[in-house]
Amino acid sequence: MQRLSLPDAISRELPALVGRLGLGGVPLVRSAVSRSVINRFGYATTLRPRALSLASDYTSWMSLTDRTYSGRHLPPASDEAIAKLPSEKDVVALYRRERFVAATDTSVMFMFFAQWFTDSFLRTSLTDWRKNESNHEIDLCQIYGRTINQTNVLRSFDQGRLKSQTINGEEYPEYLFEPRTGAGEALRFKPEFDGLFDPTFITDVILPGMSGIELAITVKRIFPDCKILLCSGQAAAVDLLDTATSAGHRFTLLAKPVHPQDILNHVAQRIGRSPATQQRTHSSTSA
1343 MQRLSLPDAI SRELPALVGR LGLGGVPLVR SAVSRSVINR FGYATTLRPR
1393 ALSLASDYTS WMSLTDRTYS GRHLPPASDE AIAKLPSEKD VVALYRRERF
1443 VAATDTSVMF MFFAQWFTDS FLRTSLTDWR KNESNHEIDL CQIYGRTINQ
1493 TNVLRSFDQG RLKSQTINGE EYPEYLFEPR TGAGEALRFK PEFDGLFDPT
1543 FITDVILPGM SGIELAITVK RIFPDCKILL CSGQAAAVDL LDTATSAGHR
1593 FTLLAKPVHP QDILNHVAQR IGRSPATQQR THSSTSA
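The sequence shown begins at 1343 in my numbering and counts up by one.
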């Protein structure tokens, strides 16, 4: 596909011409152009049902009708096709942002990202990666949960609000776990969140039985030059840190909530950069 190249003089004036102060400021024009462009890109991909799914490497009645299997756009690649693929380094370079450009409007790629995020990440089965629990719609399950039972666990039943807590005058979600009172104590869900997730999967797979400080000690033992900065919102972390300090391990612990700039300043100190330099580097590479 060839890219359309416009003269620099036209490229500089184009945003003003089609922006909110130009044609984009005319509601009918803006609506018609937006509808046309979004539909063009939205229907650029094939419609469902997909001819292939992760149920098998070929089209079958199951692949067309069993929507518990995630769909796939491409058939399995041959060894020859895989050998011709670009290197991982080249692919990473395509997505590396050299400078930060603040968005001023919703991208036409949003619908693709939202659908992928919902179907391919949040709703992937915990027991069979080929399957998903998607309803195949763009929804707000990342906020309200995937089922009505999960939604009810998250609701405060007060004027339609979700459960939250106030820390230093700011509103945050409630903590998922009970506070731990000693090193090595197992993570326990708060009773109010019973049924929200599979607790065994969360505590044994995502958060195994090791505190962050214990992990830091292990990492420091294997990689002595590694710079470590700890952040925690649990009061018990202070006691764990005291225990580690008395054993000769010294770490800096930031209490949550913590402002991102404070984290950047601490990171900058550890890697030998000024906070201003670290902030520019962060802005130019963040996604």
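Any given hint could be a false lead.
As the list claims (entries may be wrong) - Once the Cα atoms are required to be at most 25 Å apart in a straight line, the calculated DSS-like pairs of lysine-lysine come out as:
#, residue 1, residue 2
1, Lys1505, Lys1562
2, Lys1598, Lys1569
3, Lys1532, Lys1505
4, Lys1598, Lys1532
5, Lys1569, Lys1505
Stated by the list, open to error - Here are the in silico distance ranges between beta carbons for each label pair:
#, residue 1, residue 2, range
6, Arg1414, Val1580, 47 to 53 Å
7, Gln1603, Thr1446, 54 to 60 Å
8, Asp1399, Asp1567, 24 to 30 Å
Hint data in this document are derived by calculation from the structure and do not stem from the laboratory.
Computed from a predicted structure; not experimentally measured.
Note that the Cβ used here is the ideal one computed from N, Cα and C, for glycine as well.
Evaluated hints:
| no. | hint | verdict |
| --- | --- | --- |
| 1 | Lys1505 to Lys1562 | 38 Å, violated |
| 2 | Lys1598 to Lys1569 | 19 Å, holds |
| 3 | Lys1532 to Lys1505 | 13 Å, holds |
| 4 | Lys1598 to Lys1532 | 19 Å, holds |
| 5 | Lys1569 to Lys1505 | 36 Å, violated |
| 6 | Arg1414 to Val1580: 47 to 53 Å | 49 Å, holds |
| 7 | Gln1603 to Thr1446: 54 to 60 Å | 24 Å, violated |
| 8 | Asp1399 to Asp1567: 24 to 30 Å | 46 Å, violated |
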